[in-house]
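A.B. asks: Position chain B relative to chain A; hints supplied.
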Amino acid sequence: MTGLPLLSIAIWLPIVGGLLVLATGSDRNAGLARLLAMVVAVAGFMVTVPLYIGFDTTTSDMQFTELRQWIPRFNINYQLGVDGISVLFILLNSFITPLVVLAGWKVIEEKAAQYMAAFLIMSGLMNGIFSALDAVLFYVFFEASLIPMYIIIGVWGGPNRVYAAFKFFLYTLLGSLLMLVALIYLFFQSGFSFNLLDWHQLRIPLTAQIYLFLAFLMAFAVKVPMWPVHTWLPDAHVEAPTGGSVVLAAIMLKLGAYGFLRFSLPIAPDASRELAWMMIALSLTAVVYIGFVALVQSDMKKLIAYSSISHMGFVTLGFFIFNSLGVEGALVQMISHGFISGAMFLCVGVLYDRMHSRQIADYGGVVNTMPRFAALFMFFAMANAGLPATSGFVGEFMVILGAVQFNFWVGFAAATTLILGAAYTLWMYKRVVFGAVANHHVAELADIDAREFAILGLLALCVLGMGLYPFPFTEVMHASVENLLKHVAVPKF
Amino acid sequence: MNFVMPDLYPASAEIFLLLMTCAVLLVDLFAGKGRHWLVYLLTQLTLAGCFAITFFTLDGQAVTTFSNMFIDDLFADFLKLVLYPAVAVMLVYSREYLAARNLDKGEFYLLVMFATLGMMVMISASHFLTIYLGLELLALSLYALVAIDRDSARATEAAMKYFVLGAMASGLLLYGMSMVYGATGSLDIHEVGQRIAAGGGNKTVLVFGLVFVVAGLAFKLGVVPFHMWIPDVYHGAPTAVTLFIGSAPKLAAFAIAMRVLVSGMAGLAEHWQVMLMILSALSIALGNLAAIAQSNLKRMLAYSAISHMGFMLLGILSGIVGGDPRFALNAYSSAMFYAITYVLMSLGSFGMILLLSRASFEAENIEDFKGLNKRSPWFAAMMMILMFSMAGMPFFVGFFAKFAVLQAVVAAKMVWLAVFAVLFSLVGAFYYLRVVKVMYFDAPTDVAPLEAPRDMRFLISINGLAVALLGLLPEGALEYSIYASYAFLAGH
Chain A
1 MTGLPLLSIA IWLPIVGGLL VLATGSDRNA GLARLLAMVV AVAGFMVTVP LYIGFDTTTS
61 DMQFTELRQW IPRFNINYQL GVDGISVLFI LLNSFITPLV VLAGWKVIEE KAAQYMAAFL
121 IMSGLMNGIF SALDAVLFYV FFEASLIPMY IIIGVWGGPN RVYAAFKFFL YTLLGSLLML
181 VALIYLFFQS GFSFNLLDWH QLRIPLTAQI YLFLAFLMAF AVKVPMWPVH TWLPDAHVEA
241 PTGGSVVLAA IMLKLGAYGF LRFSLPIAPD ASRELAWMMI ALSLTAVVYI GFVALVQSDM
301 KKLIAYSSIS HMGFVTLGFF IFNSLGVEGA LVQMISHGFI SGAMFLCVGV LYDRMHSRQI
361 ADYGGVVNTM PRFAALFMFF AMANAGLPAT SGFVGEFMVI LGAVQFNFWV GFAAATTLIL
421 GAAYTLWMYK RVVFGAVANH HVAELADIDA REFAILGLLA LCVLGMGLYP FPFTEVMHAS
481 VENLLKHVAV PKF
Chain B
1001 MNFVMPDLYP ASAEIFLLLM TCAVLLVDLF AGKGRHWLVY LLTQLTLAGC FAITFFTLDG
1061 QAVTTFSNMF IDDLFADFLK LVLYPAVAVM LVYSREYLAA RNLDKGEFYL LVMFATLGMM
1121 VMISASHFLT IYLGLELLAL SLYALVAIDR DSARATEAAM KYFVLGAMAS GLLLYGMSMV
1181 YGATGSLDIH EVGQRIAAGG GNKTVLVFGL VFVVAGLAFK LGVVPFHMWI PDVYHGAPTA
1241 VTLFIGSAPK LAAFAIAMRV LVSGMAGLAE HWQVMLMILS ALSIALGNLA AIAQSNLKRM
1301 LAYSAISHMG FMLLGILSGI VGGDPRFALN AYSSAMFYAI TYVLMSLGSF GMILLLSRAS
1361 FEAENIEDFK GLNKRSPWFA AMMMILMFSM AGMPFFVGFF AKFAVLQAVV AAKMVWLAVF
1421 AVLFSLVGAF YYLRVVKVMY FDAPTDVAPL EAPRDMRFLI SINGLAVALL GLLPEGALEY
1481 SIYASYAFLA GH
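Taken in sequence, the protein lines are chains A and B.
For the first sequence, the numbering used here assigns the number 1 to the initial residue and increments by one for each residue that follows.
For the second sequence, the numbering used here assigns the number 1001 to the initial residue and increments by one for each residue that follows.
So that you can see chain A by itself, here it is in the shape it has in the complex (with noise of 0.2 Å):
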């Protein structure tokens, strides 16, 4: 263990790196804002390490923790803080960032310094968001957040990028006003403190424990998304650039199912457990209904955006089912649907930034021109349908399992996901890159270059890699999941 608050340089440095991208100014240095944004993120991802290669897996305790007065008046405190459940989001966050930097390098051509800016804050304020243990840290990181994807969606995304990016703040921004009278609430009733772990103590009466379970769903439902509150991910995918698109499927979908597991779970036990009837039903509505709402899509970045809220219903599923192979599963299937639903993004950037067209209809034959681009692309079409030896089928298995273990039925319906998933992902693959070269600009399509095989291919290797070993992840995680919900069985009110 070193003595350096890990944790809070995992935040601060890329925001303060970012501000520093910032303060290059106009387009003119470009290349030095470039420049700049790669090493802080490359740093950023440096400085994660080694919590992942110090980190206790015997203990459920949180661990890297930081605590130092903040704001004493309302005794908020600036306590951070990891446990199996969100050390492997960090480094998720800090890996993926990287890539986004390097993914718009060349594309991005204006206001580079504030793309790369706003990144590299938005990666700082989602650490923060997954080790703050003061609820009101949490918050603060959780809503700050919404502002660079704001700008990012606004800035540089497609035709109907204002509709997008007011959709997704004000849609993300209602759910998360009323956790914040949920918190206040809590602060009260715990007696003064906002400390999460004082929280996950407190004895609550069932009732009021169902409303702060509904305010918190209200909050990361939204973000998750979850079945019908889903409708803001497709507009902010589709209108959104690449990398906006990438840190939106990868991390910040996340954050939603991330404060179920921090917040839902074990502050409101006994509401879980009542209520979990609902939300098996809202997730397998999603694994099911989305899938087949996938399946007709004619966008591509649209497509692969049901897929996510298909992949994420799997997520919830996994909670709410009470039995370690669940949570564990899905927490895989959280990580896993980082990576692919992350280089799946990247793909279609891939063909986005060469023929400025998202419709399935105007792609065909890119296997002709574009050899090395289709193997990559199939390999994580394969993982995204769950194929065995990928990540996406490790995560899945796991809750279906779960599921079984639950209840048949349950498992049945969410099962079913194999099949939709296949039948999508590779139904658009085989129309995209398949078939006779379509067009003259198919035909005229460059291969990848070096910096765009050297993304997907490290990505492909994150995948193939938990596929076939996935135990260094089930193993961080595994003393929290079995913590948590030994926690959630006893009755607290």
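Possibly wrong hints are sitting among the right ones.
[Stated by the list, open to error] Covered stretches of chain B (chain A as the covering partner; in silico rule of three or more C-beta atoms under 8 Å from a C-beta of chain A):
hint, segment
1, 1295-1308
2, 1390-1401
3, 1478-1490
[To be verified] The list that follows gives simulated cross-link-like pairs (lysine-lysine, PhoX-like), each with its CA atoms no further than 25 Å apart:
hint, chain 1, residue 1, chain 2, residue 2
4, A, K167, B, K1105
5, B, K1105, A, K111
6, B, K1374, A, K106
7, B, K1105, B, K1161
8, A, K111, A, K167
9, B, K1370, A, K111
10, A, K492, B, K1413
These are calculated hints, taken from the structure and not from any lab test.
By construction, the Cβ of each residue, glycine as well, lies at the ideal position given by its N, Cα and C atoms.
C.D. replies: Just chain B now, with coordinates in the frame of chain A:
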């Protein structure tokens, strides 16, 4: 008849300001044309002098003078210490704007100084008559200020409207005060408070008077349904005057609301709490909804001011819970913190309008901010900070202001009111976001470089950065409000 010379020491800042105002009046008379900078400088120096006097005579002891009509306590001092810089900043922001429109006459500075004196008297009032005196001094100066651009029909109309409605509100207030006097036999706030608490006075008369007092206060604060003047006056007045009306007077209005309602009529809390609840709920709802429809930024900020004042009232009304003042300090300090941060944000936002305005051009429409990010990324960022702060987004101070008030409301067991307030701040987020959208997502139509003088650029940057910095480290400002409110509660 023995005449006792009142102790002038507690009112030294007020007396200094009054003397300097007279001096400035004379200087202006003899300085001649083209010497307005002298008047400007003297005004700024006067404010600095007032700041110094108040600061160096800070004293934990509450002192009253002029037969208990005037009080000098920490609550007053702390508010005044915010008031002077607010006025000074407003003068810096408006100088170039006024000069370009030939409005930087000596009268402007004189009226501002008289208005400032009025606000100081309001803040230090411990007697209903003193409140009325201060209020009228402020209001009469403001009426004249709104109409200072004599050739503008819009400004004249606004001034007329403001005057007629303002006079009526003063009448209501005065009528309410006379009722209170009739019921308690005193106009001394402290005595009135004691007599009401002791159950003295006819309850019906008191509550009847209270209704009028609250109506008068609501008008001065500009909350629904006494808000009608706000959009028209904000819109019609020259932007420099709008900046003035929209900032410092909110502090004075907060002060008299506290003095009258909490010090004077705590015994009637159950009655005025319900009234304030209705006023603030209506303001938050209507202010935010109506702001959406505005294309003029000044009007939009006017409606936003209405909703912000509603939010601040939430803090005042949650102080006493069913007769139990346990959370009073918490609630009043939150309301005060809200008022102070609102003044800071309001100064910045109106300041941005002035920054973008030129001699022949009023940048008062939201459209005028189009593509500001391309023209000046720095000031676009400042405006973005201000707008997000107004919307109550964290890491900006506006978030903690909302947070402080909301926790006071929840502490008072009014969770539903907190939910109502946050839902309407969602509506509010929309129109603030629209300003950010215009600046960042749209291409500029106007590419003229910004012309503002250096001191203004510097100060507005400080203003924006202060909003961000206080959002990161709000503890100091929160403590400040706590001290002031503690002194207030200890005195009453």
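A.B. asks: State for each hint whether it applies.
C.D. replies: Status of the hints after comparison with the structure:
1. 1295-1308: violated (count 0)
2. 1390-1401: holds (count 5)
3. 1478-1490: n = 3 at 8 Å, threshold three: holds.
4. K167/A to K1105/B: It is violated: about 48 Å lies between the C-alpha atoms, which goes past 25 Å.
5. K1105/B to K111/A: violated (44 Å)
6. K1374/B to K106/A: Holds, because 21 Å separates the two Cα atoms, which is no more than 25 Å.
7. K1105/B to K1161/B: holds (24 Å)
8. K111/A to K167/A: Distance of about 24 Å is within 25 Å: holds.
9. K1370/B to K111/A: Cα-Cα ~16 Å, so holds.
10. K492/A to K1413/B: holds (23 Å)
This entry does not satisfy hints 1, 4 and 5, going by the numbered hints stated previously.
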